[in-house]
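Could you slot chain B onto chain A? The hints should help.
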Amino acid sequence: MPTTPNMRETFLATTEEIVDADPDVAVVLADISAAQLAGVARRHPDRVVNVGIREQLLVSTGAGFALAGLRPIVHTFSSFLVERAFEQIKLDLVHQYVGAVLVSYGSSYDMPAEGRTHQSPGDVALIDSLPCWYVHVPGHPDEARRLLLDSVPGDGRVYLRLSADQNAEPHLGVGFQRVRTGRNGVVLAVGAMLDRVLAASEGLDVTVLYASTIRPFDAAGLRAAVGEVADIVLVEPYLKGTSAHHVSEALRDVPHRLLSLGTLRDTEVRTYGTRADHDLAHGLDAGSIALSLKDFLRS
Amino acid sequence: MTTTATAYADLPRLISLMTGDDKHQAAAESTVDVLWVLYDRVLDISPENFHDPGRDRFLLSKGHGPMAYYAVLTVKGFLDEAELADWSSARSRLGHHPDRKRAPGVEISSGSLGHGLPIALGAALGLRAGGHSGRVVTLVGDAELDEGSNAEAIVVAARLGLENLTTVVVDNQSSTHGWPGGIARRFEVEGWATRTVSGRDHEALYDAFTTEHPGRPLAVVAVVEPKG
Numbered sequence: 000m001p002t003t004p005n006m007r008e009t010f011l012a013t014t015e016e017i018v019d020a021d022p023d024v025a026v027v028l029a030d031i032s033a034a035q036l037a038g039v040a041r042r043h044p045d046r047v048v049n050v051g052i053r054e055q056l057l058v059s060t061g062a063g064f065a066l067a068g069l070r071p072i073v074h075t076f077s078s079f080l081v082e083r084a085f086e087q088i089k090l091d092l093v094h095q096y097v098g099a100v101l102v103s104y105g106s107s108y109d110m111p112a113e114g115r116t117h118q119s120p121g122d123v124a125l126i127d128s129l130p131c132w133y134v135h136v137p138g139h140p141d142e143a144r145r146l147l148l149d150s151v152p153g154d155g156r157v158y159l160r161l162s163a164d165q166n167a168e169p170h171l172g173v174g175f176q177r178v179r180t181g182r183n184g185v186v187l188a189v190g191a192m193l194d195r196v197l198a199a200s201e202g203l204d205v206t207v208l209y210a211s212t213i214r215p216f217d218a219a220g221l222r223a224a225v226g227e228v229a230d231i232v233l234v235e236p237y238l239k240g241t242s243a244h245h246v247s248e249a250l251r252d253v254p255h256r257l258l259s260l261g262t263l264r265d266t267e268v269r270t271y272g273t274r275a276d277h278d279l280a281h282g283l284d285a286g287s288i289a290l291s292l293k294d295f296l297r298s
Numbered sequence: 000m001t002t003t004a005t006a007y008a009d010l011p012r013l014i015s016l017m018t019g020d021d022k023h024q025a026a027a028e029s030t031v032d033v034l035w036v037l038y039d040r041v042l043d044i045s046p047e048n049f050h051d052p053g054r055d056r057f058l059l060s061k062g063h064g065p066m067a068y069y070a071v072l073t074v075k076g077f078l079d080e081a082e083l084a085d086w087s088s089a090r091s092r093l094g095h096h097p098d099r100k101r102a103p104g105v106e107i108s109s110g111s112l113g114h115g116l117p118i119a120l121g122a123a124l125g126l127r128a129g130g131h132s133g134r135v136v137t138l139v140g141d142a143e144l145d146e147g148s149n150a151e152a153i154v155v156a157a158r159l160g161l162e163n164l165t166t167v168v169v170d171n172q173s174s175t176h177g178w179p180g181g182i183a184r185r186f187e188v189e190g191w192a193t194r195t196v197s198g199r200d201h202e203a204l205y206d207a208f209t210t211e212h213p214g215r216p217l218a219v220v221a222v223v224e225p226k227g
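Respectively, the protein sequence lines represent chains A and B.
For the record, in the first sequence the residue sitting at position 61 is 60 according to numbering that gives the first Met the number 0, with numbers rising by one throughout.
For the record, in the second sequence the residue sitting at position 158 is 157 according to numbering that gives the first Met the number 0, with numbers rising by one throughout.
Just chain A, with the same shape it has in the complex:
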């Protein structure tokens, strides 16, 4: 067990600080994390609201707060926040033209023993079907805190996707950050995929880029990293190929090859077990990523 706070704990502590400090911020919950925020809810009952197990109302309430001029932070598990309440995200936020900071916990399979109902590998792809979103996929609690603090000012639409997995060290830069430089390709690791990508690409002559913000997609950063060998590998901790269309657009005038790694699209993984079991099933453990890289980059 980690002795330092994980991403979810860090988010909750940071949210408490924000609500205490900023009278224009509201928090909307649907039971999840309500116990941890009970103290701040007692101090600010008008601005910290738990609607119970009602995810449609969760998102709509956030939209109403925004229409009344407050900045809502809306939080629950990723599956319920994005998938169950998707029409509320599409209409009550995007179509009403208001913003919110949506913060999910659960990632693609953070709670594997709970089964498919608590897994949300398609959340980023769903958000990506809507215009004008910031999508943050932090790989470390310090990044989650920074991204939350950066997201609260203003009125933009933000999806902050917290996960149980994390990298050993935070990378607090913006855009695609170059972690390693090589000549035979570019591997883009998103969020908690970084450490396993670094392990998997050990000994390979490749550039490794890191993204904690995947929307907007840093096309200039990708182009700048591409050298003579335009072989690109995307490693995303959610649905395989979610950012492939952005790679194609960024390199539309550059002949290139692309390998997309991520969670499987063609099957439901119905295993319970651990996150490590699911990493293996989806080919997202360091060993599987290493095999994929060696196969794709052979030349």
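Hint data in this document are derived by calculation from the structure and do not stem from the laboratory.
If you're wondering where the values come from, they're calculated on a predicted model, not measured in any experiment.
Heads up, the beta-carbon is just placed ideally off N, CA and C, and yes, glycines get one too.
Honestly, I wouldn't trust all of these hints.
[Claimed, not checked] Going by beta-carbon spacing under 10 Å, a handful of chain B positions derived as facing chain A:
no.: 1; residue: Arg99
no.: 2; residue: Ser109
no.: 3; residue: Gly110
no.: 4; residue: Gly113
no.: 5; residue: His114
no.: 6; residue: Ile118
no.: 7; residue: Ala122
no.: 8; residue: Gly125
no.: 9; residue: Leu126
no.: 10; residue: Ala128
no.: 11; residue: Val135
no.: 12; residue: Ser148
no.: 13; residue: Ala152
no.: 14; residue: Arg158
no.: 15; residue: Leu159
[What the hints assert, rightly or not] Distance condition first, Cα-Cα at most 20 Å in a straight line; then the derived SDA-like pairs of lysine to any residue:
no.: 16; chain 1: B; residue 1: Lys100; chain 2: A; residue 2: Gly153
no.: 17; chain 1: B; residue 1: Lys100; chain 2: A; residue 2: Pro130
no.: 18; chain 1: B; residue 1: Lys100; chain 2: A; residue 2: Glu86
Using the frame of chain A, we list chain B on its own:
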């Protein structure tokens, strides 16, 4: 300056610019009297105060059939009569469902049912948190209540004691499976103050909308003729 009485009498003509019906049919629009009483006597909403953060807000949740809404917004100075006949064309900012980004005076874009009341709940919370005295009124249809999202909001609005929230249900008995025991009962059992009145009787509507309801949200069921 048009007097209030003449302005109301003018609504059927404005509506018929959009529907092409005669004025008698236009006057039968289910929401026209509720909208008129709200905009003329109950809510403080005008082009002058529309950007005031503490203003009253009217959220038309039942977005279909917005002709009476557009007619009232015209009389109240938000829209221009000259644009009504061309509504729903590619040139018009007025569609079959209102768009808040395009039509002045429109607080929410609606069309998909079951969104207005939940958003209104959030807006009422926001006004309360901001220390504003404005009230939020949302209009839903009796068939729209079929959407379960309304049930979520009905429970929570009452538990949070949202006195600044009013839901008006225009009941033209069009819900497929109906509401045995009555619509008001659905709100009342959760803790709302409720009034059921004729949706055509301006005095009764005014009285219902201005009923004191300390510490609770208010539901007004405005009964009109069954949908033909």
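So, glycine 110 of chain B near chain A? Judge it on the closest CB pair being under 10 Å.
With a closest approach of 8 Å, the glycine 110 of chain B hint holds.
Quick check on alanine 152 of chain B please, does its C-beta sit within 10 Å of some C-beta on chain A?
holds, 6 Å
Next item in the hint list is leucine 126 of chain B. Is there a CB on chain A closer than 10 Å to its CB?
holds, 5 Å
Hint validation: valine 135 of chain B versus chain A, beta carbon distance must be below 10 Å. Holds or violated?
Cβ of valine 135 of chain B sits 8 Å from chain A, so the hint holds.
Against chain A, is histidine 114 of chain B within 10 Å by beta-carbon distance?
holds, 6 Å
With 10 Å as the cut and Cβ atoms as the points, is alanine 128 of chain B at the interface with chain A?
holds, 4 Å
CA of lysine 100 of chain B to CA of glycine 153 of chain A, is that 20 Å or under?
Between lysine 100 of chain B and glycine 153 of chain A the Cα gap is close to 19 Å, so the pair holds against 20 Å.
Holds or violated: the hint that glycine 113 of chain B contacts chain A, with Cβ atoms closer than 10 Å.
holds, 8 Å
Satisfaction of the glycine 125 of chain B interface hint, Cβ to chain A closer than 10 Å
holds, 2 Å
Evaluation of the interface hint that places leucine 159 of chain B against chain A, nearest CB under 10 Å
holds, 7 Å
For the hint on serine 148 of chain B, does the least C-beta distance to chain A fall short of 10 Å?
holds, 4 Å
Alanine 122 of chain B was flagged as interface toward chain A. Is the shortest Cβ-Cβ separation under 10 Å?
holds, 4 Å
Violated hints for the displayed structure: none, as all numbered hints are satisfied.
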